[in-house]
Amino acid sequence: MSSGATADATTLANPRELPLELPASYLADGRTLLSWLATTDHKRIAILYAVVITFFFFVGGIAATLVRLELFTPQADLVGSDTYNKLFSLHGIVMVWFFLIPSIPTTMGNFLLPLMIGARDLAFPKLNLVSWYLNLGGGLLTLAAVLAGGIDTGWTFYVPYSTTFSNSFVTLAVLGVLVSGFSTIATGVNFIATVHYLRAPGMTWFRLPLFVWAMYTTSLIFVLATPVLAVTLTLVVAERSFGLPIFDPARGGDPILFQHLFWFYSHPAVYIMVLPAMGVISEVITCYARRRIFGYSFMVYALVAIAMIGFFTWGHHMFTSGMSPYAALVFSFLSFIVAVPSAIKVFNWTATLYRGQIGFESPMLYALGFLGLFTVGGLTGLFLASVPIDVHVQDTYFVVAHFHYIMVGASVSAYFAGLHFWWPKITGRMYPEAWARFAAILMFFGFNLTFFPQFIAGYLGMPRRYHVYPPEFQVWNVLSSAGAAVLAAAYLMPLGYLTWSVFFGSRAPNDPWNASGLEWRTTSPPPRQNFFGNPEVLAQPYNYHPESTPPIKDQPRVPSQGSLT
Amino acid sequence: MSAVGKLIREPWDELGLSESKAFALQRSGATFGIWVFIASEVLFFGAIFLLYAAMRIEHADAFAAAARETNIVYGTLNTAILLTSGLTASVASRAAEHDGLRRLTLWCLAATAALGLAFLVVKGLEYREDIEKHLVPGPRFALAQAPAQLFFGFYWLSTGVHAIHLSIGIGLVGRLIGKGLRDHEWLVGNAQVEIALLYWGFVDVVWIFLYPALYLAGRAG
Numbered sequence: 001m002s003s004g005a006t007a008d009a010t011t012l013a014n015p016r017e018l019p020l021e022l023p024a025s026y027l028a029d030g031r032t033l034l035s036w037l038a039t040t041d042h043k044r045i046a047i048l049y050a051v052v053i054t055f056f057f058f059v060g061g062i063a064a065t066l067v068r069l070e071l072f073t074p075q076a077d078l079v080g081s082d083t084y085n086k087l088f089s090l091h092g093i094v095m096v097w098f099f100l101i102p103s104i105p106t107t108m109g110n111f112l113l114p115l116m117i118g119a120r121d122l123a124f125p126k127l128n129l130v131s132w133y134l135n136l137g138g139g140l141l142t143l144a145a146v147l148a149g150g151i152d153t154g155w156t157f158y159v160p161y162s163t164t165f166s167n168s169f170v171t172l173a174v175l176g177v178l179v180s181g182f183s184t185i186a187t188g189v190n191f192i193a194t195v196h197y198l199r200a201p202g203m204t205w206f207r208l209p210l211f212v213w214a215m216y217t218t219s220l221i222f223v224l225a226t227p228v229l230a231v232t233l234t235l236v237v238a239e240r241s242f243g244l245p246i247f248d249p250a251r252g253g254d255p256i257l258f259q260h261l262f263w264f265y266s267h268p269a270v271y272i273m274v275l276p277a278m279g280v281i282s283e284v285i286t287c288y289a290r291r292r293i294f295g296y297s298f299m300v301y302a303l304v305a306i307a308m309i310g311f312f313t314w315g316h317h318m319f320t321s322g323m324s325p326y327a328a329l330v331f332s333f334l335s336f337i338v339a340v341p342s343a344i345k346v347f348n349w350t351a352t353l354y355r356g357q358i359g360f361e362s363p364m365l366y367a368l369g370f371l372g373l374f375t376v377g378g379l380t381g382l383f384l385a386s387v388p389i390d391v392h393v394q395d396t397y398f399v400v401a402h403f404h405y406i407m408v409g410a411s412v413s414a415y416f417a418g419l420h421f422w423w424p425k426i427t428g429r430m431y432p433e434a435w436a437r438f439a440a441i442l443m444f445f446g447f448n449l450t451f452f453p454q455f456i457a458g459y460l461g462m463p464r465r466y467h468v469y470p471p472e473f474q475v476w477n478v479l480s481s482a483g484a485a486v487l488a489a490a491y492l493m494p495l496g497y498l499t500w501s502v503f504f505g506s507r508a509p510n511d512p513w514n515a516s517g518l519e520w521r522t523t524s525p526p527p528r529q530n531f532f533g534n535p536e537v538l539a540q541p542y543n544y545h546p547e548s549t550p551p552i553k554d555q556p557r558v559p560s561q562g563s564l565t
Numbered sequence: 001m002s003a004v005g006k007l008i009r010e011p012w013d014e015l016g017l018s019e020s021k022a023f024a025l026q027r028s029g030a031t032f033g034i035w036v037f038i039a040s041e042v043l044f045f046g047a048i049f050l051l052y053a054a055m056r057i058e059h060a061d062a063f064a065a066a067a068r069e070t071n072i073v074y075g076t077l078n079t080a081i082l083l084t085s086g087l088t089a090s091v092a093s094r095a096a097e098h099d100g101l102r103r104l105t106l107w108c109l110a111a112t113a114a115l116g117l118a119f120l121v122v123k124g125l126e127y128r129e130d131i132e133k134h135l136v137p138g139p140r141f142a143l144a145q146a147p148a149q150l151f152f153g154f155y156w157l158s159t160g161v162h163a164i165h166l167s168i169g170i171g172l173v174g175r176l177i178g179k180g181l182r183d184h185e186w187l188v189g190n191a192q193v194e195i196a197l198l199y200w201g202f203v204d205v206v207w208i209f210l211y212p213a214l215y216l217a218g219r220a221g
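Which chain is which? The protein sequence lines are A and B, in order. Take 1 as the starting number for the first sequence in full-length UniProt numbering and just add one per residue. Take 1 as the starting number for the second sequence in full-length UniProt numbering and just add one per residue.
Since the hints were made in silico from the structure, they are not lab data. Be a bit skeptical, because a hint or two may be false.
Reference listing, derived: stretches of chain A covered by chain B, where coverage requires no fewer than 3 residues with Cβ under 8 angstroms from a Cβ of chain B [said to hold, decoys possible]:
id, segment
1, 24-37
2, 73-87
3, 440-446
4, 470-479
Calculated pairs, DSS-like style, for lysine-lysine (alpha carbon to alpha carbon, straight line, at most 30 angstroms) [as the list claims (entries may be wrong)]:
id, chain 1, residue 1, chain 2, residue 2
5, A, K126, B, K179
6, A, K126, B, K6
7, A, K126, B, K21
Listed below are several chain A residues computed to face chain B (Cβ distance under 7 angstroms; list not exhaustive) [stated by the list, open to error]:
id, residue
8, D121
9, P249
10, A351
11, R355
12, N534
Only a predicted model underlies this, so the values are computations on that prediction, with no experimental measurement involved. Note that the Cβ used here is the ideal one computed from N, Cα and C, for glycine as well.
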């Protein structure tokens, strides 16, 4: 047990030469379809989720592609108004509820949360499988609404249009979202109980990796915000299908009440999308900068603060809906306050890079892209949090650009960062690094080309959700559509080379990046039981070299040999 | 394997703990889980009561008039039934922790489920009367004030959602009875008893808030 390399016997052995009698990896533990569809292994369930959300990512992506194609010219030439409404609604509903909300928590969260805290599985493995089926069922219901003829309300389902006037398949789509909501609540309960009860000996709360803290705070939002969405959607179904008036203005109902309830969920939902992304970035940046995270405890407090304050800012979506100026002032103030912990995180990531030995591997490229895009998205959020500017740019492409910088620029970049970072652990294979770097750079470039022009078009007054627009906005829309084509290519590339790597990639060693987390202290891919023996935690996370000392030696990041599967 | 050993599930069986310790940890983990879920449910019904408060403030007179149309006899009877079921549920929950009280546990569980069913029967009778009195929102609604329809929109929605919750509760308690009858050792100290009955208690508490909101609002003062 002298040096780090020899302490881990499993990294040395070639299984074909030494019969170590190690258990099979979770991937080899059962080959039948049933062994996947009836599994209670958190790692397999993570793969099941990944398949479903990848499918929905491309469904939503196709809708976005058609929207961008239509917007290439100021006239309506590809689709009519009704179809256009259905396309952007499909894009929003699918991307928000069936990709972004489940994306990082259900795939990487499911896979890594038990591994990172040294547990065998989540606290309630059967519930975990049930929540995948709920997610799938919800997705299929919504897909059925699309196939039946689509839904044209936008992703927000605003009443009274959704309850009284829309002639599209609102009920079916809303039921789909409702069912997927139960899935996220179940996941939230599961994650919270796991973190409370199944941490390995020595894994104290302030030794948890920040990704685990991010999952924990996200789960709190899952559990406390999603039920409000469930009620809101139930009310829409009750009013539309059973004629129970709740929001109907003709009978004294209040449509603004719907907006309050909807945004009480849907604003925290933004933090559901971005907190997991922050967790991933903390892991990736520390590893490739070979540095301890700067200000660990403040990173934790910032996550908790964002989760809590995020519950009290929903009114900033409704400045123009009609609310008392005092309420608007308070919501505006609170929206500025929630930017403080977000800024703390950005500064701490930057400070982590300071004097680090930075490597530009593909996960790090995505992570650095995240830093820039999240900052732009966050700062434009402050514009929108100020009432006068918000009134000016409400319902324009400025808003569209802002939330895409957060939800796509930040969250999707982080998703890809995490996907590449943990891909060797999940699949046991290395992906082609050159392709991955190229895709990361292309994605950053394509993203900015798509969405930065939308800030300008929006500021100049181009409204969202219209497919016919004044010709003076065409230049910005052409830029944006060209960027979307680049972005589409960049998203298709990982689908290609990651799939290729599963079959033809070289075997991954147990810890290809020399990372410090507990998830790297087992084989790639891990066995069903996750660890050999019982892990015990002796130190703080991010055990990279401290600020005052140089690294002991330049460790090779990709050891040439050593996999056990 | 001992009786306790059979009840330990993955991943609690692989923590390297003794059987009794693993069982206790699994139990407290499971109970913790249901409390987190109940917190989630509180937000669910919290939103429903927020809705009620907002609508009642806007339309105080119409709400009072509409609330006088509900049947207070059925409502009060149901409150009594559900509170009694809360008593039997608590007794069952405590009795299940002791080896010698298996019969008492089973009887109390049966009484709990029966009282739950009785609640649904009374609710059904009340629904029939409401429909006959044209208290379903729509063109043939009994009251002239339009916002009174909001009250009954809320009435049908909230009692319906509550009845769904109660039916799930009856199913859970019925499952406990079935498992307990087949396997003599299954009930003792099993976290599932406490979990199902905590959920039952939560559904009870929701009704304690619904009762004054629906039946007493129009009749007070």
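Indices of hints not satisfied (ascending): 1, 2, 3, 4, 9, 10 and 11
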